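Residue numbers (UniProt numbering): 1 to 581.
Keep in mind the hints are simulated off the structure, nothing from the lab.
A quick note: this is a predicted structure, and the numbers were derived from the prediction, not measured.
Just so it is clear, CB atoms sit at the ideal spot from N, CA and C, and this is done for glycine as well.
Please note that the accuracy of each hint is not assured.
[What the hints assert, rightly or not] Pairwise CB distance ranges, derived in the manner of DEER restraints: (1) LEU436 x ASN480: 32 to 38 Å; (2) ASN172 x SER344: 49 to 55 Å; (3) GLU19 x ASP194: 50 to 56 Å; (4) ALA479 x ILE415: 20 to 26 Å; (5) ALA191 x SER229: 40 to 46 Å; (6) GLY22 x ASP553: 43 to 49 Å; (7) ALA191 x ILE412: 54 to 60 Å; (8) ASN461 x GLN209: 54 to 60 Å; (9) ALA551 x HIS11: 47 to 53 Å; (10) ASP183 x ALA479: 53 to 59 Å; (11) ALA191 x ASP526: 44 to 50 Å.
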Amino acid sequence: MIKAQPLSLFHAMPLSEEEGIGALSIPGYLREVTQRYAASEAVVMHYGKNSSDGAHTGDVLRWSYQDLWNESVRVAKALIANGVTKDTRVGILMTNRAEYLSAMFGAALAGGVSVVFSTFSTPDEMKHLLSVSDVSVLLFEDQVLKKDFAAMLTELEPAILSAKAGTMSSENFPFLKRLVYLDGVTKTGNAECDVFAIEAIESWDSFLQTAELISTEVVEARAAKVHPSDAGALFFSSGTTSLPKGILHSQQAFTIQYWRWKRLWRLDQPARSWTGNGFFWSGPVSIIVGTALSTGGAIILQPLFDADEALALIEKEKVSLMNGRPHQWARMQASPRWAQADLSSLRQITKGELIMEHPTVTSTWEMPNAFGTTETMSILSSFVLGDPANEDPRNFGALLPGNIMKIVDPLIGNIVPMGERGEVCIKGPTLMKGYLGKSPEETFDEDGYYRTGDGGYIDENGHLFWEGRLNDIIKTGGANVSPEEVDTVIGNYPGVKRSQTVGVPHETLSEMVVACIVPVDGATLDEEEMIAFLKQKLASFKVPRKVLFFAEDEFSLTGNEKVKASDIRQMATERLAAVTQ
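Generate the whole structure from the sequences, applying the supplied hints.
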């Protein structure tokens with residue numbers, strides 16, 4: 001009798017059995033870490049203009065855990081005084097700064113839901129985001145670099161110019177009643193809009209003064225009524241193929257991930273955590289808040305990524321954990337500060353091979369492979385640091401506690417046999433509550449799974465072998481190639497600023513693997529040398545047959561610097577066709 005092959009369906013251990021998980025509401029999390037580390041430094045931010053070598057010349061803000069709690073309670077009081085109640089949506093449009101954290105935690109303490117907006121948003125995107133998010137209060141930076149958000153908002157809704165504070169009445173954004181601005185910490189050039197002349201836009205200080213109307217006991221009572229399953233925050237997808245989609249997450253989606261970084265990365269010392277990427281993306285806010293606060297460490301803030309400034313911050317603040325992308329590390333290598341920088345404090349660097357080339361870095365930390373999506377509030381599978389199976393770059397680790405995964409035929413939807421390739425489907429405690437404007441039936445399958453659109457397979461140990469987006473996988477000579485895998489290797493080549501590997505139509509191979517690369521400013525890269533390097537790192541069928549170089553302004557990017565693969569594929573196809581003519 002032939003034994004039936006098991007199906008690609010795997011249940012991870014129950015969440016209740018995971019070590020190190022504490023309070024599951026956002027207010028409960030902040031209370032617990034504050035009680036543990038009250039007097040320790042929690043938040044650091046340098047202000048002022050940079051000197052020529054990237055060092056700060058202004059003031060330094062340093063909050064203890066108790067300060068972070070107190071400032072968050074203060075924001076919560078002001079929000080309550082201004083009408084925020086259970087599930088009221090509070091918009092946050094800021095760079096990475098201390099007020100971002102107090103606004104995020106303050107909204108949760110008040111019982112509200114944070115709605116986080118990208119500072120890269122264009123006017124059209126901002127109009128869409130405000131329209132679909134239904135925010136009642138918007139806390140925003142008036143200017144980020146040359147982008148004037150006060151001017152953008154008044155252009156999108158002229159009624160702001162004539163309204164009084166707290167009395168906004170808009171047909172475009174019918175729930176928006178109150179706008180509060182902070183002075184931008186990165187502004188350059190003159191503002192287009194004089195916020196002081198617009199009564200409807202209140203200052204941050206004026207807003208916080210209303211906190212005096214609400215008692216601490218009211219905030220405490222509200223915080224106690226916030227449950228792990230309640231809505232916690234609304235994120236928006238990157239919009240690589242369409243307008244950004246609203247992704248609503250529960251409270252516990254945040255806190256579970258906050259708690260588990262310490263275990264997965266074996267962080268046995270307080271982490272001083274830095275990123276140059278915005279907290280309006282799920283990965284950076286999950287990793288930085290979780291690694292820092294769950295270990296009794298500190299969040300080292302940098303409003304926007306700048307290579308010179310980042311090197312100065314790492315040295316001055318003894319940063320131990322860096323979260324970012326290889327193209328940012330390439331910019332740091334190209335900085336005039338690189339050679340003399342002291343980076344000896346670094347212990348954990350995500351995808352940090354380029355940083356580890358610095359002579360002062362002695363860390364040999366190997367980042368645990370992990371896979372996740374915005375819809376799962378970052379990771380859904382991961383290794384624990386030190387697992388020897390992490391050496392296989394195709395293996396993205398074990399399914400995390402509480403999750404259930406199945407692999408299905410992307411066309412039929414049936415579960416495929418164990419080890420067979422298909423579409424990754426997931427459900428579990430950090431999965432989104434849903435998409436804005438879509439019913440559960442439109443979002444999840446009949447069994448409650450989210451179909452990720454990613455391809456891969458799982459083995460009998462519950463390890464996920466991820467192979468990239470199903471519509472991005474390159475089929476060449478009968479084999480499948482993941483662009484992500486190739487680009488990860490390319491990202492560790494000196495002088496590469498960003499890359500996108502694509503499949504270009506080919507007569508005999510079906511598709512030819514082509515790497516499209518933007519070099520760091522001033523760097524000269526050679527196609528033959530690049531291919532020789534990749535042959536040492538990748539299986540032969542994965543090595544690009546062509547390497548094309550582009551200028552930064554030729555690359556098609558979304559607001560959050562994600563590459564539009566379809567546009568790059570078309571551009572590569574046209575360039576190669578022109579060469580052969």
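How the hints compare with the structure:
1. LEU436 x ASN480: 32 to 38 Å: holds (33 Å)
2. ASN172 x SER344: 49 to 55 Å: holds (53 Å)
3. GLU19 x ASP194: 50 to 56 Å: holds (54 Å)
4. ALA479 x ILE415: 20 to 26 Å: Check passed, 24 Å falls within 20 to 26 Å.
5. ALA191 x SER229: 40 to 46 Å: holds (42 Å)
6. GLY22 x ASP553: 43 to 49 Å: Distance hint for GLY22, ASP553 holds at roughly 47 Å.
7. ALA191 x ILE412: 54 to 60 Å: holds (56 Å)
8. ASN461 x GLN209: 54 to 60 Å: holds (57 Å)
9. ALA551 x HIS11: 47 to 53 Å: With Cβ atoms ~49 Å apart, the hint holds.
10. ASP183 x ALA479: 53 to 59 Å: holds (55 Å)
11. ALA191 x ASP526: 44 to 50 Å: holds (45 Å)
Of the numbered hints given earlier, the model fails none.
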